[in-house]
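Participant: Full structure from sequences and hints, please.
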Amino acid sequence: DQQVKQNSPSLSVQEGRISILNCDYTNSMFDYFLWYKKYPAEGPTFLISISSIKDKNEDGRFTVFLNKSAKHLSLHIVPSQPGDSAVYFCAASGAGGSYIPTFGRGTSLIVHP
Amino acid sequence: EAGVAQSPRYKIIEKRQSVAFWCNPISGHATLYWYQQILGQGPKLLIQFQNNGVVDDSQLPKDRFSAERLKGVDSTLKIQPAKLEDSAVYLCASSPRDTPVGTEAFFGQGTRLTVV
Numbered sequence: 001d002q003q004v005k006q007n008s009p010s011l012s013v014q015e016g017r018i019s020i021l022n023c024d025y026t027n028s029m030f031d032y033f034l035w036y037k038k039y040p041a042e043g044p045t046f047l048i049s050i051s052s053i054k055d056k057n058e059d060g061r062f063t064v065f066l067n068k069s070a071k072h073l074s075l076h077i078v079p080s081q082p083g084d085s086a087v088y089f090c091a092a093s094g095a096g097g098s099y100i101p102t103f104g105r106g107t108s109l110i111v112h113p
Numbered sequence: 001e002a003g004v005a006q007s008p009r010y011k012i013i014e015k016r017q018s019v020a021f022w023c024n025p026i027s028g029h030a031t032l033y034w035y036q037q038i039l040g041q042g043p044k045l046l047i048q049f050q051n052n053g054v055v056d057d058s059q060l061p062k063d064r065f066s067a068e069r070l071k072g073v074d075s076t077l078k079i080q081p082a083k084l085e086d087s088a089v090y091l092c093a094s095s096p097r098d099t100p101v102g103t104e105a106f107f108g109q110g111t112r113l114t115v116v
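Sequence order for the protein chains is E and P.
At position 54 of the first sequence the residue is numbered 54 (this note's numbering), and the sequence of numbers has no breaks.
At position 89 of the second sequence the residue is numbered 89 (this note's numbering), and the sequence of numbers has no breaks.
There could be a bad hint or two in this list.
In silico contact screen, one side only, chain P against chain E (beta carbon under 10 Å); selected entries [unchecked claim]: (1) 3; (2) 33; (3) 35; (4) 41; (5) 48; (6) 93; (7) 105; (8) 112.
So these bits of chain P aren't anywhere near chain E, every CB distance computed over 10 Å [what the hints assert, rightly or not]: (9) 2; (10) 15; (11) 16; (12) 17; (13) 19; (14) 20; (15) 24; (16) 27; (17) 30; (18) 53; (19) 85; (20) 88; (21) 114; (22) 115.
Each computed BS3-like pair below joins lysine-lysine, with the alpha-carbon atoms no more than 30 Å apart [stated by the list, open to error]: (23) 54/E to 44/P; (24) 44/P to 68/E; (25) 11/P to 44/P.
Everything labelled a hint here was simulated from the structure, so no lab data went into it.
By construction, the Cβ of each residue, glycine as well, lies at the ideal position given by its N, Cα and C atoms.
Facilitator: This is how it looks when you write it as structure tokens:
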């Protein structure tokens, strides 16, 4: 039973446009959410996070939005760049007092020049 | 600052054979994690160490997997005997202390295991 779901396995966007990656979760006890970025043959790299007490967190071109009532979060990348092409993992933690994150399956983003 | 080092990068073994992976975390990082990432899935935690003690190994298949972190620095993960379904990338990560895995967790490049 997947508690963190990324239903789009891939996303293709034109350079300069907005990329929106979506993530849904089922466990209402999660209170900390993270996005990781992974290039081929490399380990995941932390990108941005958000606590459940917030509904938005912004870092440069990256913004994460959290909708707790819908158990949904999204990552916006504006403007998208070819170097953003990677697999993006959504993760959630805090359920049952554990901060070990539960990861989604990932979304492969391709940004075309 | 050197990152998390893992070896080997790739390993191909036959089922029922044994295999071991090595991880050297970032210097001074007290917490070390081993993750398993099966193709098409997200990383799944296998075991978490705090210094040389095990914090969480609830998802480690203990009948065939074992891990140790002697002296609280390097760690090894062993599979004996391997099964076909163990084919995955094994990721090691470290963080300075036991905090939510986020900004302070750094991943190695991983070891890709193929069991044939």
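Participant: Please settle this one: residue 88/P was flagged as non-interface, so is its CB more than 10 Å from every CB on chain E?
Facilitator: holds (13 Å)
Participant: May I ask you to check that residue 85/P keeps its beta-carbon over 10 Å from the closest beta-carbon of chain E?
Facilitator: holds (17 Å)
Participant: Over 10 Å from every CB of chain E: does residue 16/P meet that, or does the non-interface label fail?
Facilitator: holds (28 Å)
Participant: For the pair supplied as a hint, residue 54/E and residue 44/P, confirm whether the alpha-carbon distance does not exceed 30 Å.
Facilitator: Cα-Cα ~26 Å, so holds.
Participant: Measuring from the C-beta of residue 105/P to each C-beta in chain E, is the shortest one below 10 Å?
Facilitator: holds (6 Å)
Participant: Against chain E, does residue 2/P hold up as non-interface, every C-beta pair farther apart than 10 Å?
Facilitator: Non-interface label on residue 2/P holds, nearest chain E Cβ at 14 Å vs cutoff 10 Å.
Participant: Is it the case that residue 20/P keeps its Cβ farther than 10 Å from each residue Cβ in chain E?
Facilitator: holds (19 Å)
Participant: Closer than 10 Å between Cβ atoms is the bar; does residue 41/P clear it against chain E? Give me holds or violated.
Facilitator: With Cβ-Cβ at 5 Å, under 10 Å, it holds.
Participant: Report holds or violated for the interface hint on residue 48/P, using the least CB-CB distance to chain E and a cut-off of 10 Å.
Facilitator: holds (7 Å)
Participant: Verify that the Cβ of residue 19/P lies farther than 10 Å from every Cβ atom of chain E, and report whether the claim holds or is violated.
Facilitator: holds (19 Å)
Participant: Any Cβ of chain E at or closer than 10 Å to residue 17/P, or is the non-interface label fine?
Facilitator: It holds; residue 17/P is separated from chain E by about 24 Å at its closest Cβ, greater than 10 Å.
Participant: Using Cβ atoms only, decide whether residue 3/P comes closer than 10 Å to chain E, and label the hint accordingly.
Facilitator: Holds, because the Cβ-Cβ distance from residue 3/P to chain E comes to roughly 9 Å (cut-off 10 Å).
This entry satisfies every hint, going by the numbered hints stated previously.
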